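Keeping their order, the protein sequence lines are chains A and B.
Under the numbering used here, think of the first position of the first sequence as 65, with each following residue one higher.
Under the numbering used here, think of the first position of the second sequence as 2, with each following residue one higher.
Certain hints may be false.
Claimed, not checked - Taking lysine to aspartate or glutamate pairs in the EDC-like style, the calculated list, with each CA pair at most 20 Å apart, reads: (1) B:Lys306 with B:Asp166; (2) A:Lys227 with B:Asp241; (3) A:Lys227 with A:Glu182; (4) A:Lys74 with B:Asp184; (5) B:Lys99 with B:Glu141; (6) B:Lys99 with B:Asp154; (7) A:Lys227 with A:Glu179; (8) A:Lys250 with B:Glu141; (9) A:Lys250 with A:Glu297.
As the list claims (entries may be wrong) - Chain A residues, not near chain B, derived (Cβ > 12 Å throughout): (10) Ser77; (11) Asp81; (12) Asp129; (13) Leu146; (14) Leu156; (15) Pro175; (16) Thr196; (17) Asn232; (18) Asp302.
None of these hints come from the bench; they were simulated from the model.
If you're wondering where the values come from, they're calculated on a predicted model, not measured in any experiment.
Backbone N, C-alpha and C define an ideal beta-carbon position, used for all residues, glycine too.
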Amino acid sequence: MTTLSAYSPKVRSVGLDGVLVTFGDTATDEANRAAIAFRGAVDAQGWPEVSESSSTLVSAFFRIDLAEHRFEAISDRLQSILATRDWFAASLPEGRALWTVPAVFGGARAPQFDEAAEAAGLSTRDALRDLTTTRLRVLTLGFAPGQPYLGTLDDAWNIPRQKELTLNVPAGALVAAVRQICLFAKDTPTGWRHVGQSAFACFRPRGDTPFPLAPGDEVQFTDISATELSRIEDTVTDGSGGAIRTELA
Amino acid sequence: MIALHVHQVGPGVAVQDLGRTGFLSKGLTRGGATDRLAVHEGAALLRQSPELAVLEMVGTGGTFEATEDMRIALAGAEMTAHVDGAAVAWNASHALAKSSVLTIGPTRTGTYGYLHVGGGFETEQMLGSRATHQSCGLGELVTAGDVLPIGLDRGGDFGLTMPRDTRFDGGAIRIVPSMQTSDFAKETREKFEATTFRRDPRANRQGIRMDSDGNGFATPKALSIVSEVIVPGDIQITGDGTPFVLMAESQTTGGYPRIGTVMPCDLPRVAQAPAGAALQFQFVSLEDGAAIEACARATWASLPKAVTPLVRDPATLQDLLSYQLIGGVVSATDAPLDRG
């Protein structure tokens with residue numbers, strides 16, 4: 065932790081569109097927690113200059129019109145908030161949710177599960193255990209609307225992306241690489257390995273909650289059969305894919 | 002219902018507005034019209050709000066029939082335009098009588114043309130906007146047979162024009178330093194500014210590829226590839242050293258380093274540069290950039306004051322306008338429209 069906390073957060077302008085506060089050079093769990101916590105703390109202050117905010121793997125971004133507001137002044141204020149505490153040790157904001165998401169691992173619906181287990185140097189049993197017992201966190205949403213990057217799996221799962229793209233992995237897929245799981249919002253060509261399949265819709269543009277997930281939310285997968293997944297696909301029409309949401313205290 | 006019936010339409014026509022904000026953290030970029038200035042120009046020509054939805058047209062337009070009397074404005078990249086077979090001026094507003102047919106043909110200069118209607122298009126709002134965001138599954142391209150509903154027009158003038166802007170053939174683009182600019186070697190940044198780029202034909206609403214002679218641009222070796230936030234106008238340098246200017250429908254984050262960011266007020270010039278047009282990028286400091294942008298915004302806001310009657314002689318104004326609508330003596334290539 066000492067080395068991580070030794071990273072001195074950087075405050076930089078992004079075009080004339082806003083200010084970025086970065087907590088690491090590499091995608092670590094600690095930097096991600098710090099980014100989410102810092103974003104939450106600044107949002108809680110309700111600055112009128114901030115028209116929206118977001119967090120990426122290691123940074124918090126505040127959209128601020130820099131044609132109207134001087135970057136130096138904004139930067140000073142953000143620096144003073146940075147100085148109030150050790151953000152790498154900060155707890156995550158309140159109001160987060162735990163999602164229990166049923167998924168099939170392996171077989172015809174998730175054809176690269178065995179291959180991914182082998183790449184991770186794990187038996188399929190151990191791989192399944194890791195994927196269904198690790199409480200994963202939504203590190204960030206991106207690439208497609210509502211699409212979560214989930215982390216962080218054990219070091220064994222630091223498996224590279226494939227060189228060749230798989231041309232079409234379906235929406236709801238769980239794909240693995242670099243100690244993360246991505247849950248696809250839509251059909252996507254990818255170099256990540258297709259290890260699981262859910263019926264969870266990450267983007268529900270016509271529903272009451274178009275974006276069910278938020279950065280900082282936690283996700284726990286449960287293993288179901290392909291028959292059960294088919295039943296969910298046939299009967300569950302709200303996009304939840306049978307997932308259950310509970311508030312995190 | 003006031004509407005436009007779409008009889009025929011080109012492959013790149015979609016309803017747009019100024020986009021949707023507030024969803025960056027959810028992975029959804031602003032989107033909206035590629036040339037935001039054209040949205041303001043058309044709104045000024047109809048003396049209405051730039052918030053109203055328009056049709057964005059790439060390459061060619063289509064054939065549209067009016068269900069009721071309405072006003073239209075044509076803005077952005079100039080395209081051929083006819084009402085019931087008679088040519089009408091681009092960069093101008095017109096009356097479109099009930100049952101008359103508006104035909105918008107190929108682009109003459111620039112890339113993105115815009116059709117505005119009095120009252121704006123009132124297609125379904127999704128997430129607070131009517132902007133079509135195809136890659137995210139929000140809305141669809143316009144297709145033949147569509148009926149595009151139009152909102153209540155609070156009425157007003159037509160037969161108006163404004164001085165033509167010069168942004169349709171490339172040129173100098175001002176950029177401000179961005180989060181990773183200083184990670185690029187000084188020589189790389191200098192070479193970037195000294196290079197004349199050509200807009201590659203490979204361009205869309207997500208991004209525009211910039212071609213140049215030579216070996217491309219070295220990306221910072223030490224820079225990690227952790228994905229970082231993208232803002233419109235960011236210039237990313239891909240692994241082979243090619244710059245891409247990221248546009249309205251880019252993703253929210255990306256792993257390629259950004260050498261700089263095109264100023265919002267110059268982004269319409271990048272958007273409108275036709276394939277092959279020469280573009281040069283020039284750094285301005287963040288402070289100067291802020292001042293330039295503030296000044297440009299004031300100009301955009303005062304566009305309604307730049308609007309003048311399409312035909313200047315007040316004595317003949319009324320006659321000429323009606324004649325133009327029926328017989329079409331005003332051609333898109335006649336003065337004063339070709340100035341500048």
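Is the nearest Cβ of chain B still more than 12 Å from the Cβ of A:Leu156? Nearest chain B Cβ is 15 Å from A:Leu156, so the label holds.
Within 20 Å, alpha carbon to alpha carbon, are A:Lys227 and B:Asp241? holds, 17 Å
Next pair to validate is B:Lys99 with B:Asp154; report whether the Cα-Cα distance is within 20 Å. holds, 14 Å
Hint consistency between B:Lys99 and B:Glu141 [alpha-carbon to alpha-carbon, up to 20 Å]: violated, 26 Å
Below or equal to 20 Å on CA atoms is what counts here, so check A:Lys227 against A:Glu179. With Cα atoms ~14 Å apart, A:Lys227 and A:Glu179 stay inside 20 Å; holds.
12 Å cut-off, C-beta based - A:Asp302 kept clear of every residue in chain B: The claim holds: A:Asp302 sits with its nearest Cβ about 17 Å from chain B, beyond 12 Å.
Given the hint that A:Lys227 pairs with A:Glu182, does the C-alpha gap stay at or below 20 Å? holds, 16 Å
So if I understand the rule, the pair passes when the alpha-carbon distance is 20 Å or less; does A:Lys250 with B:Glu141 pass? Holds, at about 16 Å.
Holds or violated: are the alpha carbons of B:Lys306 and B:Asp166 at most 20 Å from each other? Since the Cα atoms of B:Lys306 and B:Asp166 sit roughly 15 Å apart, the hinted pair holds (cutoff 20 Å).
Checking the smallest CB distance to chain B, is A:Pro175 really beyond 12 Å? holds, 25 Å
Is the nearest Cβ of chain B still more than 12 Å from the Cβ of A:Asp81? violated, 4 Å
Next pair to validate is A:Lys250 with A:Glu297; report whether the Cα-Cα distance is within 20 Å. holds, 15 Å
The structure shown violates the earlier hints numbered 5, 10, 11 and 12.
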